[in-house]
Amino acid sequence: MSGRGESTWSDLDGWHSLLAREHRLFEPMVEGARVGIVARADADAGHGDLLAWSRTRDGMRVERRPFHGFADCDVGVLFVAQDGALEALHARIDDNALGAMKLQLRDGSMLLYVIAPKKQLLDDGYEDFLEALGLAFLGACR
Amino acid sequence: MAQTTTLKRLFEPASWGKLQSRNRIKYGACCVSNYNNRDGTITIRELGRTQVIAKTGCGIITNQGAYPDPLGEGKAYFRQVALHDDRFLPEFEKIAGYIHDAGAIAIQQILHAGRYGGIDLGYCIQPSIVPQTLPHFRPPREITKEQIKVTIQQHADAARRALKAGFDGTEVTSFMGYLLATFNSKFTNRRTDEYGGSVRNRGRFMCELIDAIKQVQGDAPLVVRLNGNELMDRWGGNTEDECFELMELAAEHGVDMISVTVGWQEAPESSIGRDISPGYWNRLAARAKKLLPDTPIAFGNRLPDPRMAEKCIEDGEFDFWEVCRPLLADPDLIRKAQAGRMGEVKRCIGSLNCLSRLFRDLPYTCTVNPQLGHEYDPAYQITPALAPKKIMVIGAGPAGMECAITAKRRGHDVVVFERASAIGGSLAGYAKNDLANSDDLLSVVDYYRNMAEALNIEIRLNTTIDTKKMRGMLHEFDVAVVATGARIDGMLLPEPTQPGLLVDALDVAGDHSRTGQRVVVLGGGKIGLTLAESLKHNYGREVTVVDSEKRIAGDVMPSFKWRHTAWIEELGIPTRTSAKVLAIGDGGVKIRNAEGAEEFLPADTVIAAVARRPNQELFHELEWMIDELHGCGDSLVPRGLTQAIHDGFRLGARI
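Going down the list, the protein sequences come from chains A and B.
Okay, so the first sequence: first residue is 1100 according to our numbering, each after it adds one.
Okay, so the second sequence: first residue is 82 according to our numbering, each after it adds one.
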């Protein structure tokens, strides 16, 4: 958690309002589907805090969970934020935050790790969300 | 064949250890074909392909990567070849024979895909558990020290088999996230034992691998492919300096050639796509050559032109031009270059159709070379026509020109009719607006122009074919080929109430319509996006894209989908998806947006870039006016460049 804006990580209501506004991207997800975000330092250390966006019957829920490393993080996909990246997103939380996230994924300040197998991601409805972030779903082919 | 003197360095013989290469061109095993059986045995389709590759004229030919382990942990593609057992040897012997018969040095690549492997297993192995950043791959397991020893031995055994099959040497690859790369890179190697930590420790696996293979190979050469830049450093991967430290380490262990490569599959930027200008990465090869002057350096990433390669060799930037995709696009490239006939080369346009198909678990094909992968198939052979015919091809786009050229090569008499003042069809307009690299796409049109001239195909421009025109030519032709393309289907949009506001995307692309400052593009497929990007980037227009689908770029090839969506974001082009167009007029477009609300988008110009419908009228009009009537390309079903070229070729090959 060192070097990051704590208010950014704890603004669960703010993140929830973003997800509610972008609800169409999450509607195809099955109940229990989950996206995680961790700070780079926590990812490197293999433990820390995880910001979880979980699909529930009523929509998206935002919560903080303990992070115990890649092998045990209980999410479909995991975003790792370089220093300042999540704060930059949070600054646009009422604007086009996911558009900004797409650019962060391009410039390397945000990194996506795919935790669940492709078939599960497809079956569980992650495709709209990932494609909206400009992520090539079936290989980058660059 | 008359040999030119312009590419002297490229075509000079070169010593490589005890071997002699007839020139400085190495065919690189850029990606696997996926033509083989699920058990790793080689098919007749693969043998057909390798026979063509063997005859390309390269001095060194690297056969595609074979996985070395019986479990298939190293297997990246469903139909990748295997070399973990002697039972595979007979087919490898044939391939080595083809290469030797053609006068080239035969190298077998051993490819353990590591992070991208285990395609049949549901897991992959790598030094540490670091998940992949793309969904295509299998969840990782950490390789144990005992497994490391076994894996190294499997590589050495595969190398021994390759030599037994007749290959002159082998190659291992630390490219784009394969096993060797995952050890070398600190992005994926987070081990705390002697195989992790410092560059030297991370490189230990590579050094042990080189030592083990060289032990079984004796003085037969070993090539290692190493990243000059992973393009992963922002994500914690190796810096460029570390990549070169690893090259030094490989050289210390006596590797006989280093093939310098660029980028991981997962890198957030392009390395070989059309949006990278040719020659962009040459500096990495030059750095390797400067660092290791006594180690032969091969290079070819995004370096498709032999004339550029000649200059690089002349300047001492590398020793061997490593070329793959340009030879998939045109297996005669080297002969044409040597004869000074570069205008007749089908250039690799960097569409990455090949890789797109591999990541859909399909055999690779090539946009500009329909014969790739069909070398054994009679339907794809250009054979002399038993009864030469007079053929009229209507439409000089890619489908029509491909058909005309193929038919002419078979001995038919061909005339092309084109209503526009130049050939190229809608591709010409599309290419002009392509932000990636217009030159690549325009090269397709140039190729058709040059081939028409070389084959003496008559092209009648500014000539519209209709029933009246046809009546004046009755009995002049035996065959008509309708290759008239497609047009934007205006029926899918409401009737505009403001004259001049709505224009056709193809007219804008072809410079037949000008736009105002505020533009709304209706349709977020490849045509709409290409125009929107060009209008914003090249002309400073304020552009909004509207699409009825949930996501834009639905018809874009997977290799470029991410590129378009990134451009849209980077250029700040607003999009409205899941939107319905309600009205066009009164200075803009009224839509119902995804939230169900009505929204008015002001516009000086509205561009129709919705779905296309085929121009099929001539099929009916000509039906009773000519003996044979065929169609190809978008005039059958509107698709894209690959299908147009392939349709045209197939038709030309069978008329």
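It is worth saying that the hints were derived from the structure and are not from the lab.
On a predicted model such as this, the values are computed, not experimentally measured, just so you know.
It is possible that some hints are incorrect.
What the hints assert, rightly or not - Chain B stretches covered by chain A per the calculated footprint, using a threshold of three residues with CB under 8 angstroms from any CB of chain A:
#1 216-228
#2 494-504
#3 644-658
Cβ coordinates follow ideal geometry from the N, Cα and C atoms, glycine included.
Each hint, compared with the structure:
no., hint, in the structure
1, 216-228, "holds (count 5)"
2, 494-504, "violated (count 0)"
3, 644-658, "holds (count 4)"
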